[in-house]
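Chemist: Fit chain G to the known structure of chain H by using the hints.
Taken in sequence, the protein lines are chains H and G. Counting in our numbering, the first sequence runs from 1 upward without gaps. Counting in our numbering, the second sequence runs from 1001 upward without gaps.
In case anyone wonders, no lab produced these hints; they're calculated from the structure. Check each hint, because a few of them may be wrong.
[To be verified] Residues from chain H that face chain G, not an exhaustive set, calculated with beta carbons under 10 Å:
| hint | residue |
| --- | --- |
| 1 | 58 |
| 2 | 59 |
| 3 | 61 |
| 4 | 275 |
| 5 | 278 |
| 6 | 306 |
| 7 | 310 |
| 8 | 340 |
| 9 | 345 |
Beta carbons are placed, not taken as given, at the ideal position from N, Cα and C, and that holds for glycine.
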Amino acid sequence: MASNDRVVVEFDQHNTEYRETYPAKAHELREQCPVVWSSKHDGFWVVTGHEVLSAISKRTDLLSNDHDPDGERNGYRGISIPERGTTRGGFIEMDPPEQSEYRRILNPFLSPAAVKVWDPFIADFTRACIDDVIETGRLDFVDDFANIVPAVLTMAMLGLPLADWEIYCEPAHMQVYTAPDSPNWDRMVDSTMRMVGRLAEYVQIRKTEPRPGMITALLNAKVMDEFLPDDGIIGTVSLLIGGGFDTTTSLLAGALDWLDAHPDERPRLVDDPRHLDLATEEFLRHFTPAQGGGRTITQDCEVAGFQFSAGDRMFLSYAMCNHDPASFPDPDDIVLDRFPNPHAAFGLGVHRCIGSNLARLDFKYMLREALRRMPDYRIDHAGKEQYESIGTINGFKHLPATFTPGRREGPPLAEVMADWQARLDAEPAPENLRAAEGAL
Amino acid sequence: MARAIVNPELCQGHTLCNFAAPDIFHLNDEDGHAFVVVDELTPEQVERARQAELGCPERAITVEE
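This is chain H alone, in the form it adopts within the complex (with noise of 0.2 Å):
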């Protein structure tokens, strides 16, 4: 398509309007095109089709992440659209090989049988979230429950305190639900800048006190035979944080507000794991938590028939695409047994959510248990509060929600996060290779 044929439209993902109407704006940007070209932001794709998203996501040689702040490469603005902060955000603002560099330090923490190893300390924190509130008979899905096992979870992994997880808990949702245009933008600039210094004072630390966990693994590895770079280390930190908190959150609270308007479905999902798999790609796809990614093209290029120029932006919807009639027949339904399900909610191509496989045992554990233990709980529709913007995380703020007490099946939150507190530290430390050459 040439530029001057190019279907204009004014969309953007961060308005109430995309909120509103999803997942149906999706069908009317499809149904013109399937790669409109949007001039809100400046100007960019946006890419709605099942089909050009498969095409395009494994053409590594035509899009680019790369994120360049100070133009030393391409100048090139990252993954989001608007451009989001002055600096590179870990190796999802980065191309291979770097990038892959990056992900083999980090896949042996998350790969399929490495996250098996947190089966215990999931069920643990699960069990204590509830034990909270069970006898009470309220809560709130988010605050009192989604939001605290998977960031716990990710303190663990990362090798930070536990405890710390409430201090990286606000401005991490805030740097996903603020709209670009939101009067709250420059406080949530602020907060980001907070947690990355905090982090990057860990960073510091770990230098000289390594603890198992990724912080040290980045530290402690080498590519090229050089060790990585503080700023890359830190970005990348910034990164599992961001994706560990936010988007397994957003998928339990979408799936539990979509169950209390269908309360028959739950018996089942807590009786048949095969079930409950299948339901969580079918929650995945619907929801697609995290929304989309931006990208650049990096020459000038036709890709299933559609031309684009090289610096041209992209976002790429997974949302959309994964509502794309051609590929999900009545895309707007949830069918919890919807198979096959070739969804692209983690995307597609070499940048696939690195922490997916933790985000599925995570949501499949802490979704049967709340069923299990709270079976007949029904949200309160006027304390729910969904992102002001989804076009980054589809999720909620907050999502209060009542049941039948219960009782309690074990010791509460506090005690649990002490007692693995003292198991992690009582873990030998990894070896300090950094130390070891002198290169602190």
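Modeler: Positioned in the frame of chain H, the structure of chain G alone reads:
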């Protein structure tokens, strides 16, 4: 002879083939990328391998009969 093939250039470790057919597709311990552990598929396995093929987000699986 029927067989399943995972294209390692396309597989990104979504792991859904392993959910559909755990006896056919195993996952690498390091990165979760899939590999086939059955040389020749039985007719029953062909059906599940086809499901894995249809369910793969990267279209990395082919089943040859």
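Chemist: Give me the numbers of the hints this structure contradicts, sorted from smallest to largest.
Modeler: When the structure is compared with the hints, numbers 2, 3, 4, 6 and 7 turn out to be violated.
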